[in-house]
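The lines below spell out each chain.
Protein chains: 2
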Amino acid sequence: MKKDGRGKKSEIEDIYPGIVRLRFGSPEKFTPSFFKRPASDRILSSMPVPKKSHLDIDCIEFRKTSRGCLLEIPLSSGEDIYGFGSQMKSFRQNGKKRTIRVNSDPPSDTGETHAPVPYYLSTAGYGILVDTARYAVFYCGTHVKRSSGRNSGGGKAGCLSDRTEELYGGSDSQSRKVVMEIPSAKGIDIYLFYGDTVLDALRRYILFSGGGCFPPIWALGIRYRGYTKLDQEQVIQLCESFRNDNIPCDVFGLEPGWQSKAYSCSYEWDKVRFPSPDRLRAGLKELGYKISLWEHAFVNPSSPVYGKLRPFSGDYLVFNGLVPDFSIPKAAKIFADYHEKEFVRNGISCFKLDECDNSDYIRSPWSFPENSSFPGGMDGEQMHSLLGILYQKTIDDVYIRNNIRSYGEVRSSHCFSAPYPYVLYSDLYDHREFVRALVNCGFSGMLWAPEVKHGLSKEDFIHRLQTAVLSPLALVNAWTMVHPPWKQFRRAENQRGELMGDRKDLIAVVKKIFQFRMSLVPYLYSAFLRYHLEGIPPFRALVLDYPDDLKCREIDDEYLVGDSILAAPLFAEQQKREVYLPSGGWFDFNTRKFFQGNATYEISPKLDETPIFVKENSILPLSSTNESIDKDTCFNLTVLAFGDNPEPFKLCIDDGTTFNYENGDSGWMELSWDRTAGKGVAKIRSNCRIKRYRISKWDHVQAASVSVAGACGGEVQ
Amino acid sequence: MKKDGRGKKSEIEDIYPGIVRLRFGSPEKFTPSFFKRPASDRILSSMPVPKKSHLDIDCIEFRKTSRGCLLEIPLSSGEDIYGFGSQMKSFRQNGKKRTIRVNSDPPSDTGETHAPVPYYLSTAGYGILVDTARYAVFYCGTHVKRSSGRNSGGGKAGCLSDRTEELYGGSDSQSRKVVMEIPSAKGIDIYLFYGDTVLDALRRYILFSGGGCFPPIWALGIRYRGYTKLDQEQVIQLCESFRNDNIPCDVFGLEPGWQSKAYSCSYEWDKVRFPSPDRLRAGLKELGYKISLWEHAFVNPSSPVYGKLRPFSGDYLVFNGLVPDFSIPKAAKIFADYHEKEFVRNGISCFKLDECDNSDYIRSPWSFPENSSFPGGMDGEQMHSLLGILYQKTIDDVYIRNNIRSYGEVRSSHCFSAPYPYVLYSDLYDHREFVRALVNCGFSGMLWAPEVKHGLSKEDFIHRLQTAVLSPLALVNAWTMVHPPWKQFRRAENQRGELMGDRKDLIAVVKKIFQFRMSLVPYLYSAFLRYHLEGIPPFRALVLDYPDDLKCREIDDEYLVGDSILAAPLFAEQQKREVYLPSGGWFDFNTRKFFQGNATYEISPKLDETPIFVKENSILPLSSTNESIDKDTCFNLTVLAFGDNPEPFKLCIDDGTTFNYENGDSGWMELSWDRTAGKGVAKIRSNCRIKRYRISKWDHVQAASVSVAGACGGEVQ
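Chains as they are written, first to last, in the working numbering: chain Y, 1 to 717; chain A, 1001 to 1717.
Errors might be hidden in some of the hints.
Which residues of chain Y face chain A? A few of them, derived with a C-beta cut under 7 Å, are [claimed, not checked]:
{"#": "1", "residue": "Ser66"}
{"#": "2", "residue": "Leu160"}
{"#": "3", "residue": "Trp366"}
Here are the computed lysine to aspartate or glutamate pairs in the DMTMM-like style, where the Cα-Cα straight-line distance is at most 25 Å [stated by the list, open to error]:
{"#": "4", "chain 1": "A", "residue 1": "Lys1177", "chain 2": "Y", "residue 2": "Asp315"}
{"#": "5", "chain 1": "Y", "residue 1": "Lys453", "chain 2": "A", "residue 2": "Asp1105"}
{"#": "6", "chain 1": "A", "residue 1": "Lys1271", "chain 2": "Y", "residue 2": "Asp162"}
{"#": "7", "chain 1": "Y", "residue 1": "Lys64", "chain 2": "A", "residue 2": "Asp1315"}
{"#": "8", "chain 1": "A", "residue 1": "Lys1089", "chain 2": "Y", "residue 2": "Glu165"}
{"#": "9", "chain 1": "Y", "residue 1": "Lys229", "chain 2": "A", "residue 2": "Glu1493"}
{"#": "10", "chain 1": "Y", "residue 1": "Lys89", "chain 2": "A", "residue 2": "Asp1427"}
{"#": "11", "chain 1": "Y", "residue 1": "Lys89", "chain 2": "A", "residue 2": "Asp1105"}
{"#": "12", "chain 1": "A", "residue 1": "Lys1229", "chain 2": "A", "residue 2": "Glu1493"}
{"#": "13", "chain 1": "A", "residue 1": "Lys1097", "chain 2": "Y", "residue 2": "Asp315"}
{"#": "14", "chain 1": "Y", "residue 1": "Lys89", "chain 2": "A", "residue 2": "Glu1165"}
{"#": "15", "chain 1": "A", "residue 1": "Lys1229", "chain 2": "Y", "residue 2": "Glu166"}
{"#": "16", "chain 1": "Y", "residue 1": "Lys89", "chain 2": "A", "residue 2": "Asp1109"}
{"#": "17", "chain 1": "Y", "residue 1": "Lys186", "chain 2": "A", "residue 2": "Asp1315"}
{"#": "18", "chain 1": "A", "residue 1": "Lys1487", "chain 2": "Y", "residue 2": "Asp162"}
{"#": "19", "chain 1": "Y", "residue 1": "Lys96", "chain 2": "A", "residue 2": "Asp1109"}
{"#": "20", "chain 1": "Y", "residue 1": "Lys97", "chain 2": "A", "residue 2": "Asp1105"}
{"#": "21", "chain 1": "Y", "residue 1": "Lys145", "chain 2": "A", "residue 2": "Asp1315"}
{"#": "22", "chain 1": "Y", "residue 1": "Lys271", "chain 2": "A", "residue 2": "Asp1162"}
{"#": "23", "chain 1": "Y", "residue 1": "Lys229", "chain 2": "A", "residue 2": "Asp1427"}
{"#": "24", "chain 1": "A", "residue 1": "Lys1145", "chain 2": "Y", "residue 2": "Asp315"}
{"#": "25", "chain 1": "A", "residue 1": "Lys1089", "chain 2": "Y", "residue 2": "Asp105"}
{"#": "26", "chain 1": "A", "residue 1": "Lys1453", "chain 2": "Y", "residue 2": "Glu165"}
{"#": "27", "chain 1": "A", "residue 1": "Lys1097", "chain 2": "Y", "residue 2": "Asp105"}
{"#": "28", "chain 1": "A", "residue 1": "Lys1271", "chain 2": "Y", "residue 2": "Glu166"}
{"#": "29", "chain 1": "A", "residue 1": "Lys1089", "chain 2": "Y", "residue 2": "Asp109"}
{"#": "30", "chain 1": "Y", "residue 1": "Lys453", "chain 2": "A", "residue 2": "Glu1165"}
{"#": "31", "chain 1": "A", "residue 1": "Lys1096", "chain 2": "Y", "residue 2": "Asp315"}
The set of hints was computed from the structure by calculation and includes no laboratory data.
Model, not experiment: these values are computed from the prediction.
Built from N, CA and C at the ideal position, the CB exists for glycine as well.
Modelling step: build the complete structure from the supplied sequences, incorporating the hints.
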């Protein structure tokens, strides 16, 4: 028990080594923690207590107001903060007001986004989660308080400008506090996650959430969502055509057209377009595809579950459909049981959970109002925050109880979402913002899919695809495209059937890019296992691994993929870009050239070369081409050993599709480089019957061979 | 006393004939009504009770929630609603969610704007004001509630579309309720204003607010705000040059550069640029100019009032300046006394009150946070709603006690603002939105200035000017323009001193437009008196005068000026536009052609002709050119009598600058047309010593002379 500045008591509870909960006042019942998955208890308990706590708990102030309650948490000098979920418009959050309100089309940098999280991570080595489903507001050092004396005349006070931007421009006297306002609540729990490094603090948040998701191995292949008006024969034909053209693809996604009613949903096959779902499933299975079904949670009056869900639904309709209250176990069970019987047990591998976000900024906002009442006790504000999470949980539970791993798409999420096997996406389409969202999501234990729909030019289309294959989900979403976008990347022309004359060249590039993704699957699979077990995001900002490198604190157009790859995507028609490489040595993956770190280089990769750098002294296993991945797939590996002293790399072995690895049906292949013998060594320890990898070749890439000297801030010399 | 749906009691109080207050629960202390001006008691008491009440009070439901409180008010079929203050992005508000939150740069149609008002007006003949300074949300028939039975499968439920706009497009099953949510409050007062017509209901709202403002007569002339970096000699030279070029101008506005510190404000003359304010005042007075001073309410540490205001200020700084709490009479008095002594008694005629709004959507948001505390008891949310009002009141009180009428500019306002002599403006610059805001403001008893700053083309610049002179304030805001914009309407070129070669032609057009404004001053002055005494907005939507004409319910690009003029502005490079004319006959002001109403025409006015129509059977007095207006100005009138049976028109006579008219020092000149004699008659009844008008000419314009037949929806034949 301690007292805050106004004499109010706060309770302090040590949850795990390095995780503390502070309780102020009387928190609300329905908060993110109320619904969260169990923490990764074993590893959290075994992690050593961080050497210092980085934040003086005694400095935290709490106060109830007529609007709700208020927290003030100090920021120290030099401390940079990141996080708040899927932020698309900014990276470093100092000086910003963040409104944690789910919204699909944030018009400017307000903090609103598809998956906003009341949580930030500090370079000082801690993270703070405010456990609320309210639309909390975070003022991240934005405002200066009136001091007891006369405030100085500094800042912009003396300026005379004829430009509004200057008059309103950032003040040079930022405050050193994060002020958080939680509306309506009479109290609040906050969770502090400490670490000896910022990544360490983040790992604690992710492990407390339950650890990162571990997708089935096929889910790391290519996913294609087809035109919404296709019928089942057209789907099968399209899937066949990919195989005929040797275009890798693992998952075919059906958009709204598979349902008899969508907007709102019937969750029943449309009898005209899909007269025999059995035949569709068999056909796609034979071709090596998994099926993903689109849906949202709004239940059409014609749906078989409508009657049962009525009493468990909110008091407002959306698209004339019920909004089921998944916070009520009975409601979730009705929905889950139906999905289990109709889809999961019939071989549907994953779902795309659409429109569980909200919309205030589009022309026709559509979701339920914040004043809604739900029978479980939440109101519309709380439900908007948590619908994405509850929806993921409801469907995920079905797969778990069937011992099937799934990996779907979802349009909204919130706190503690790491364990749910869902990747965020949106209807927005700014490539630069997609990359920023991907990078930012790592701070909150989330995954973002920079899906590819169409392109403004060949370069734009290819650059987008290159980002997609260097992301958690290699997704092409052609729901408005009658033909695959590589035959015509412009939407209107595509819909009119005007295919490009030179499409063969483009298809060759697309295939190369997809094959590159497929070659990374073993590497990514191992990175995801670390996400799951150790809480290290497979896709993350440079600042997480290089927190003391001030340059990295600003970089949101490069990111790490696993532990050894740095991605530096190009945008639109760019033919070159600058890349900052942090300390150490780096190899250009495509040219094998060596670059000294701590320097900025200009690169100009060829259009068909996805621009990545590989860290010196790392081992990168690459699979030769698979067009799809099965549970029995054996990856044929070429292993690249970079640098003079490569560190070993562990490939994960399991059945790839179930949770049996949790019971020991798993193992690993360790790849290492024997310097003395000058050759690679592979060791296997596995209880799994699957032979997952075969090594066909080792290749040693050394700095001496081709080397590029660079100066900090300079160009290639 | 009555009970609402949940058994909670509401108190009903009849305030005036046709004005009812309902009290639900325990309202907050600080609400708009707490600070409002006294109602126009005499006329409100004398207005007859409306014949029907249009709204069944028993159907209003109230409920407290964890978020605040909730009101549900039925909408009947065919009822259209308007209002909510200075809405820029939509007109008819049915089907919209309105968030009543002051914001300077609303990114989309959310309801946020500079002067949002928790008030709407229904075509059924009533207005509803929710008396709150909270960020209330109005769901205007947006959402459908789950009914007790199975909802029909109608709406968009069955659609299959490949376009997001269609999927999210407006539902065809809108609800018939306005649901209002008031955050944090435990109770609420609402005011119902009834009328036999919608205009009648609106008049009650305006009169309850205290009646519309009545500007000094010179304020209806041209106002020019000069480049912010001008020094006093440059100001005098510029003012002289206008006179030399015979460019009408009444008020010269000084932008931030007049102060020693701005952003935040010192409220002291800058000693370098303005070494002798006395000389400036004398010089401008001699040239026939009034002076307007720019300021905002954030008090710089160097200001003489800083020390005194410190204890009466909010706990956060803005631009490193204090935020005085004008809700505290002592704080208002300090600020007011200083302004009185330094400026009002020294001949400063009006102020431009900047930045009393808020900003969440710009790159560098700058105002105080919602969690601010003010010593008077309000929080930041309430202060954001009311700062504009309190600021206007503080300055207005100074002028009132000095028996001087003023007419300034303000960047934010709220409920009950009609009596404050301030016109709203903004940093936005979409001409179409400016006109919509001007039209919408009328519904809430507000005035909007579509100020002219620069132009994208000659046509754009002229069309903007034409709107400005047909608005409450004919304002050119050249604060970023080194030279008058008619010498170079492009900003960058203007700042570089690159004047246009053909500027003489443009200047001639500008003069003609300004002269046209000056000719309307007597007409406008009388319209403003009716605003003041009778509550009829001088600038208003067609639907207010023609509520049963369904076409008028959608028209927000035409508006009425006074009782006889219909304005139909052109935008950007438009050379023609369609104009809908309501029932009755109309004369094109420029061509004198007659148009039958209830029809749509295409017009293509010349670039130097401001497109207006004059109602048949009305009398329009036009003044011959004045370059500026003095208290003794005698307007030289040409009186146009339109149609066979013109109704008399009353011109207002008073001293034009004081409140002495309230004590009978006033009168009128009635203009009428003697059909039999075929000549005009002017009758004067006045106690005022001023001879305000002289009639030099009568002109009878008849339909027979030049007539145009038109069909509904058709073009000119």
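Hints and how they fare:
Look at Ser66 (chain Y): its Cβ gets to within about 5 Å of chain A, closer than 7 Å, so that hint holds up. Here the hint on Leu160 (chain Y) is kept, as its CB sits about 5 Å from the closest CB of chain A, short of 7 Å. Hint on Trp366 (chain Y) holds. Least Cβ distance to chain A is approximately 5 Å, under the 7 Å limit. For the proposed pair Lys1177 (chain A) and Asp315 (chain Y), the alpha carbon gap of about 14 Å is at most 25 Å, so the pair holds.
With a CA separation close to 31 Å, the supplied pair Lys453 (chain Y) and Asp1105 (chain A) exceeds the 25 Å bound. A distance of roughly 19 Å separates the Cα atoms of Lys1271 (chain A) and Asp162 (chain Y); the hinted pair therefore holds under the 25 Å criterion. Only pairs whose Cα atoms come within 25 Å are accepted, and Lys64 (chain Y) paired with Asp1315 (chain A) is accepted, the gap being roughly 16 Å. Proposed proximity of Lys1089 (chain A) and Glu165 (chain Y) is supported: the alpha carbons are some 24 Å apart, at most 25 Å.
In summary, the hint linking Lys229 (chain Y) to Glu1493 (chain A) is not supported, as the alpha carbons are separated by about 53 Å, beyond the 25 Å threshold. Of the supplied pair hints, the one linking Lys89 (chain Y) and Asp1427 (chain A) holds, its CA atoms being roughly 23 Å apart against a limit of 25 Å. In summary, the hint linking Lys89 (chain Y) to Asp1105 (chain A) is supported, as the alpha carbons are separated by about 17 Å, within the 25 Å threshold. Restraint check for Lys1229 (chain A) and Glu1493 (chain A): satisfied, since their Cα atoms lie roughly 17 Å apart, inside the 25 Å limit.
At most 25 Å may separate the alpha-carbon atoms for a hinted pair to count; Lys1097 (chain A) and Asp315 (chain Y) meet this at roughly 18 Å. Between the alpha carbons of Lys89 (chain Y) and Glu1165 (chain A) the distance comes to roughly 24 Å, so the proposed pair stays at or under 25 Å and holds. Under the criterion of a C-alpha separation no larger than 25 Å, the hint pairing Lys1229 (chain A) with Glu166 (chain Y) is consistent with the structure, at around 15 Å. For the proposed pair Lys89 (chain Y) and Asp1109 (chain A), the alpha carbon gap of about 21 Å is at most 25 Å, so the pair holds.
For the hint linking Lys186 (chain Y) to Asp1315 (chain A), the alpha-carbon distance of about 22 Å falls within 25 Å, and the restraint holds. Under the criterion of a C-alpha separation no larger than 25 Å, the hint pairing Lys1487 (chain A) with Asp162 (chain Y) is consistent with the structure, at around 18 Å. For the hint pairing Lys96 (chain Y) with Asp1109 (chain A), the CA-to-CA distance comes to about 23 Å; that is within 25 Å, so the pair holds. With a CA separation close to 16 Å, the supplied pair Lys97 (chain Y) and Asp1105 (chain A) stays within the 25 Å bound.
Simply put, Lys145 (chain Y) and Asp1315 (chain A) have alpha-carbon atoms about 6 Å apart, close enough for the 25 Å limit, and the pair holds. Distance check on the hinted pair: Lys271 (chain Y) and Asp1162 (chain A) sit about 19 Å apart at the alpha-carbon level, within 25 Å; holds. Distance hint between Lys229 (chain Y) and Asp1427 (chain A) is unfulfilled; the C-alpha atoms sit about 46 Å from each other, more than 25 Å. At roughly 6 Å between alpha-carbon atoms, Lys1145 (chain A) and Asp315 (chain Y) fall within 25 Å of each other, so this suggested pair holds.
Restraint check for Lys1089 (chain A) and Asp105 (chain Y): the C-alpha separation of about 17 Å stays at or below 25 Å, so the hint holds. For the suggested pair Lys1453 (chain A) and Glu165 (chain Y), the alpha carbons sit about 16 Å apart, so the restraint of at most 25 Å is met. Among the hinted pairs, Lys1097 (chain A) with Asp105 (chain Y) is consistent with the structure: their alpha-carbon atoms are about 16 Å apart, no more than 25 Å. For the given pair, Lys1271 (chain A) sits about 23 Å from Glu166 (chain Y) by alpha-carbon distance, which is consistent with the 25 Å threshold.
As the CA atoms of Lys1089 (chain A) and Asp109 (chain Y) are separated by approximately 20 Å, the hinted pair is consistent with the 25 Å bound. The hinted pair formed by Lys453 (chain Y) and Glu1165 (chain A) meets the criterion: a straight-line CA distance of about 16 Å does not exceed 25 Å. Using a Cα cut-off of 25 Å, the hinted pair Lys1096 (chain A) and Asp315 (chain Y) holds, with the two alpha carbons roughly 19 Å apart.
In terms of the numbered hints stated before, the structure departs from hints 5, 9 and 23, listed from lowest to highest.
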